[in-house]
Amino acid sequence: MSALLAAALAQGVVVVLMIVAIIAHHVVGRRGEHRRSEREALVALALRELLLGATADGLVATLRSLPRRHALEALLDQVPTRVPATRLPEIAEALRSEPWVRSTLGGARSRRWGRRLEAARLLEVVASPANEPLVAALIDDRHPAVRAAAVRALAGVGSAHLVRHVLSRFARALAEQPDALWQLDTAALRRVWQHVAAAATSMLDADGDPASLRSALHALRAFGAQGAVTRVLELRAHSDSAVRRDVATLLACVYHHEVGAALLELAGDPDADVRAAAAGAMGAQGQLGDTNAVVGALHQMLGDAAWQVRVQAGLSLARLGAPGRAALRGARDHHDSVVRDAAILASGLPDGALAELSVAA
Amino acid sequence: MIDAAALLSRLEWPLLAYAVALNTFYALLLACAIPEMVAHLRLSRGSRARRLVEGEGLPPISLLVPAYNEEVTIVASVQSFLTLEYPRHEVVLVNDGSTDGTLQRVMEAYDLYEVPHVVEATIPSRPVRACYRSRRFSRLLVVDKENGGKADSLNVALDAARYPYVSAVDSDTLVEPDALLRLARPFLLGTPVAAAAGTIRVVNACRVEHGRVVDARVDRRLLPGVQTVEYLRAFLFGRLGWNRLGGNLIISGAFGVFRREYLLAIGGYRTGSVTEDMDLVVRLRRYLAERRLPDRLPFIPDPVAWTEVPGRLKVLARQRERWHRGLLGALWSHRDLLCNPRYGTLGMVAFPFYLFGEALAPVVELVGWLVLAMGVLAGAVDWSFAGSFLLAAYGYGLLLSLAAIALDEWSFSRYSSRGDLLRLVGYAFVESFGYRQLTVCFRLHAFWRALRGDAGWGRMTREGFRDGPRPAPTLGAAAEVASQHG
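As given, the protein sequences belong to chains A and B, one line each in that order. Take any residue in the first sequence, note its place counting from 1, add 2, and you have its number in my numbering. Take any residue in the second sequence, note its place counting from 1, add 4, and you have its number in my numbering.
I should point out that these hints are in silico values taken from the structure, not numbers from a laboratory. Computed from a predicted model, the values in this text were never measured in an experiment. Check the hints yourself; a few may be wrong.
[Claimed, not checked] Which residues of chain B face chain A? A few of them, derived with a C-beta cut under 7 Å, are: (1) Thr195; (2) Leu395; (3) Ala396; (4) Leu403.
Glycine included, C-beta positions come from ideal geometry on N, C-alpha and C.
Given these sequences and hints, build the entire structure.
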């Protein structure tokens with residue numbers, strides 16, 4: 003009984019304290035928001051001066067006057083999006099000796115993932131080749147957000163070795179999260195594209211792990227595969243259907259006299275996704291060597307058992323100019339309703355929808 | 005009489021133990037929710053989310069929108085879904101055999117033209133009459149089908165979706181512009197994710213412009229106001245806490261993202277259930293556990309969808325009765341999960357909690373009241389004990405509601421007016437002393453209807469708001485709130 007009463011009283015005290023805390027936070031929070039806006043405006047002003055030709059000293063001094071966390075947030079929110087890449091090294095150089103920067107980077111070895119994340123994010127702006135060991139450690143961090151942030155620091159480090167390491171890591175991730183993670187990291191790797199293309203080409207070994215091959219093919223697709231076309235073409239007969247599909251997708255954006263024949267070969271693949279990718283690539287390529295053969299193959303694919311192949315074949319025919327449109331018109335009266343439906347679907351689409359669907363379908 | 009008094013006296017302590025155990029579990033959820041919230045805030049801080057959009061690093065998502073007789077709001081709703089801030093998303097609108105002008109309105113507004121239905125039907129559903137694409141928005145697909153209910157429509161949309169992730173949204177839910185963007189965050193972290201859930205908030209008194217909430221307010225009316233506290237408590241610490249324990253059983257049917265291949269693998273939504281979203285998540289978790297797949301179902305607190313809650317007692321009673329009946333039905337359908345170690349946390353923690361802490365809570369609470377009242381009348385329990393008992397049991401609940409408000413204030417500060425915040429605090433008291441006991445009655449009614457085998461939904465009356473589409477209470481939100489009603 004007395005224990006119950008004591009519990010009820012204790013709860014009452016905590017309730018009162020909590021109400022006071024909620025209201026106090028509300029009042030203080032509003033004031034803090036105002037102060038934060040003022041500080042952001044200061045950084046924006048310093049940044050504007052820098053963009054108008056001033057040195058980085060003004061920006062660095064402004065950041066120095068802010069509390070560490072606010073300086074970090076203001077820097078990361080505003081600098082990467084507003085400052086051209088050519089001026090980033092100057093800012094990085096000026097910031098490296100700042101105590102708050104050194105303190106934040108010191109958190110890269112912290113046991114708290116939040117501190118490591120801050121360090122990884124800061125390295126996106128201040129990393130230099132000297133930071134390679136630090137970035138390498140963060141790229142293999144156990145927290146995924148830290149790993150993703152560290153990839154963005156590669157531009158400052160400029161290490162081909164680390165780029166290859168990242169691509170190998172993607173190979174493992176691709177098996178689980180093919181689109182999301184890859185696309186995020188691709189965006190991060192854009193600033194070191196020259197290293198990526200070289201590293202990906204060196205990974206195109208037909209006997210290699212399919213996941214690594216796919217990772218390399220994805221990289222080449224994003225950063226340019228023209229220099230590796232012959233090695234890509236060799237993979238069209240790979241035993242893994244996912245690799246063949248990626249090859250077909252990649253062939254949509256490279257130019258080589260053998261591409262047409264390779265796509266026709268892939269159009270007869272036993273795997274429906276490979277056939278669909280080949281059909282899509284034929285449309286994306288536009289004029290391939292033997293247009294009649296391509297149109298004929300796509301026309302035949304309008305009656306494919308798999309719906310994604312039929313849709314892609316129809317969309318590609320619509321993109322192949324006069325011969326493709328003529329084939330589609332003919333297919334609209336085809337005796338087979340499956341062919342007829344696919345042709346009606348593709349030929350009824352406006353140009354904008356056609357372009358969007360042929361990429362996404 | 006003496007024996008009866010002794011019995012009543014003995015019953016008090018197990019009941020008190022039940023109340024303490026249940027509220028302690030909620031406190032554990034709160035303790036787990038705080039570090040989760042800190043982690044999410046750290047990841048979503050600054051303008052990073054916006055930069056992800058520019059980087060096109062997000063997985064493509066198909067929004068599945070079932071619509072039945074929504075002619076007044078459908079055009080604005082579709083517009084709001086099409087204009088969400090997300091780089092690659094499509095809207096699959098399914099007209100579930102509406103008897104009003106829903107389809108006609110969409111056809112006119114979006115310049116639809118008929119396309120052949122070339123998609124394979126992998127889940128049995130009512131026949132599709134026609135498919136349409138828009139000349140204005142190529143990412144809009146409209147499927148017209150015969151009436152079969154919400155789950156049936158979602159199954160058709162699931163088949164027609166072309167992206168690897170799908171999000172089921174009610175056509176009358178207001179999704180915040182950047183909500184999808186935030187909801188996709190766990191998919192970017194490289195850990196396997198089967199589904200992700202967002203927060204549902206109460207829109208009733210909010211100012212809405214062009215289908216977007218521009219000023220979050222707390223309703224001055226008692227019922228919607230109390231439900232605002234209830235939703236905060238259910239989502240902000242209930243769901244978040246379960247994240248860390250690994251036992252999320254509910255993803256709101258109004259707003260969540262799923263990996264499409266998993267939904268197809270489990271046969272899509274189950275028709276005939278009154279809480280098809282809870283049933284879906286339980287089946288999904290079973291599927292993952294049976295195949296030892298590591299995919300998680302995290303709850304993300306910052307993506308928000310807004311929904312209207314009942315403003316009238318009669319409507320609230322119907323809604324809560326239906327939600328609880330759905331919970332009972334889902335637990336009964338999957339009763340073999342109970343304390344089954346094969347299913348890990350799902351079988352050993354989440355399922356027992358939902359059964360004993362949620363489904364049976366109204367019965368225990370009723371018994372508690374009866375025992376206490378009879379004990380006092382029989383002289384076996386003295387007044388001061390009864391008073392302390394009630395204060396301790398319900399005061400704890402009040403504490404947790406205030407903690408939810410505090411968590412919201414510290415994390416998001418959604419309610420900018422001090423008056424709204426004070427109102428929320430006031431409603432937390434009403435929620436613990438009065439409202440909660442009221443909902444016990446509604447939920448007890450669910451037992452009666454479940455025993456009779458009633459499967460009806462009952463009629464839902466909406467009030468709408470000043471501008472834009474009218475959001476409806478949804479089963480997902482429903483089960484979320486029901487799940488926090490110990």
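Item checked: Leu403 (chain B) as an interface hint toward chain A, with CB separation required under 7 Å -> It holds, given that the least Cβ distance between Leu403 (chain B) and chain A is near 6 Å, below 7 Å.
Notebook entry, point to check: Hint check: is the beta carbon of Ala396 (chain B) less than 7 Å from a beta carbon of chain A?
Noted result: Holds. Min distance 5 Å.
Next item on the list: Using 7 Å as the Cβ threshold, decide whether Leu395 (chain B) counts as touching chain A.
Entry: Cβ of Leu395 (chain B) sits 4 Å from chain A, so the hint holds.
Checklist line | Cut-off 7 Å, beta-carbon criterion: hint that Thr195 (chain B) touches chain A | finding: holds (6 Å)
When the structure is compared with the earlier hints, no violation turns up for any of them.
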